[in-house]
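Build out the structure end to end from the sequences listed, making use of the hints.
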Amino acid sequence: MTTQYFGGIEAGGTSSTVVILKLDGTLVSKHPGPGMNYYIEGHAKSIAILHNLVVDAKRRAGIESKTALLSLGMALCGVWNWQEDVKARIVKGLLELHPEDTSSAFVCTDTIGPIATAFPRGGVVLVAGTGSNCNIVNPDGTYATCGGLGHLLGDEGSAYWIVHEVVKAVANWEENFIPGTEEYETEKKQCDISAVRPLVRKHFCQNIDNDSVRMRNDVLMLDHCYPNFNKAYFASLCEACANLALNDDKLCQLVFKEAGRHLALHVLAVLPKVDKGLLSQNGGLHIVCVGSVWKSWQLLKDGFLEGIQSREDVKLPEFTLVKLNVSGAIGAAALGANKLNVTIPLNFADNTTEFFHFSKHELTAI
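Heads up: the sequence shown runs through residues 2 to 367, numbered per our numbering.
It is worth saying that the hints were derived from the structure and are not from the lab.
From a predicted model like this one, the values you see are computed outputs, not experimental measurements.
Certain hints may be false.
Listed next, the in silico PhoX-like pairs over lysine-lysine satisfying Cα-Cα at most 20 Å (straight line) [to be verified]:
no., residue 1, residue 2
1, K296, K324
2, K296, K258
3, K23, K340
4, K274, K316
5, K23, K169
6, K251, K190
7, K169, K296
8, K203, K169
9, K302, K258
10, K361, K302
11, K190, K169
12, K277, K361
13, K46, K93
14, K302, K277
15, K251, K296
16, K93, K190
17, K93, K340
18, K203, K232
Listed below in structure tokens is the structure:
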């Protein structure tokens, strides 16, 4: 009997992952690829990237180039769940231009892949990577979203947002600008920036040895913010900011705490649309946390707990945070197979690791 192969792609704005599975769920091939935002890259370039990912995956798996995958599930950045016409265009474009890639294709937004990887009957995904986003998928297939609108309209709590807050704090100090009186801004203004400022200047500026040059007078800094803006490059300073926070830098600690609060507010925004069955399961609402910012959970934790309890109209008495042990492309592959009424068995218990549990009842009892 000919072996049946099922592909899955999880494509984010910074990087992507492609996998090939057998019918029994065995992983045959997995490798990283370039980032792809369909909305930014456009149709033709996106189809080319997807095709190249499939070609590479088949080659690494030892599958003949002319042997089409039985199905290909694609969880793509820059595609929204409600855009049925866009999803259909991607499927049509790939099947018509590259019929040797796959016999069947399925497209969803990039946040759905992790949910399908982590949970058998839906759940919540909270993304805090270069950008931020929160999605729920209920057992009946209904969904709701908060975030995912990019750095101009959102991305609160993301790596980009954290770095922007730190950079802006340095700029405000240089300009002697005090932005408002709310507690967070007041605390930021009172923080010592002596450790953060050299870090920011080294990452973004040209005149790093001349401490008297303000960022407004550094051409390279302005280039990073305007004509040559690159959100991923901006966000790449986040790890260094986390390291400063862990070394007791008060500004970075404050910004990470505020990031945690904003991420919790994403969850509260979609909570009214969550199926009651997801709330009443063992451990409460399960949330799969995706993105590199979650590596700094201890810096986010206090703000997250403040944020999750900050609204009187929306209450979440119990929740469990988990992280993926495998790529969200696994779930995308399973969704692609589902389109053909084929079920690929996934070991959900092995796919995730719990890293935090909160219960209002237990908290009160303590």
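Right, here's what the structure says about each hint:
Of the supplied pair hints, the one linking K296 and K324 holds, its CA atoms being roughly 10 Å apart against a limit of 20 Å. Straight-line distance between C-alpha atoms of K296 and K258 comes to about 14 Å, which keeps the hinted pair within the 20 Å bound. This hinted pair checks out: K23 and K340 have alpha carbons roughly 16 Å apart, not beyond 20 Å. Distance hint between K274 and K316 is fulfilled; the C-alpha atoms sit about 13 Å from each other, no more than 20 Å.
For a cut-off of 20 Å, the pair hint linking K23 to K169 is broken: about 49 Å separates their Cα positions. Using a Cα cut-off of 20 Å, the hinted pair K251 and K190 holds, with the two alpha carbons roughly 11 Å apart. Proposed proximity of K169 and K296 is contradicted: the alpha carbons are some 23 Å apart, above 20 Å. About 15 Å separates the Cα atoms of K203 and K169, which keeps this hinted pair within 20 Å; it holds.
With a CA separation close to 7 Å, the supplied pair K302 and K258 stays within the 20 Å bound. About 15 Å separates the Cα atoms of K361 and K302, which keeps this hinted pair within 20 Å; it holds. Restraint check for K190 and K169: the C-alpha separation of about 11 Å stays at or below 20 Å, so the hint holds. The straight-line distance between the Cα atoms of K277 and K361 is roughly 17 Å, inside the 20 Å bound, and the hint therefore holds.
Using a Cα cut-off of 20 Å, the hinted pair K46 and K93 holds, with the two alpha carbons roughly 15 Å apart. Restraint check for K302 and K277: not satisfied, since their Cα atoms lie roughly 25 Å apart, outside the 20 Å limit. Note on K251 and K296: the hinted pairing holds, with a Cα-Cα distance of about 19 Å set against a maximum of 20 Å. Only pairs whose Cα atoms come within 20 Å are accepted, and K93 paired with K190 is rejected, the gap being roughly 53 Å.
Under the criterion of a C-alpha separation no larger than 20 Å, the hint pairing K93 with K340 is consistent with the structure, at around 15 Å. For the proposed pair K203 and K232, the alpha carbon gap of about 17 Å is at most 20 Å, so the pair holds.
In summary, the structure is inconsistent with hints 5, 7, 14, 16 from the numbered list given earlier, while agreeing with the others.
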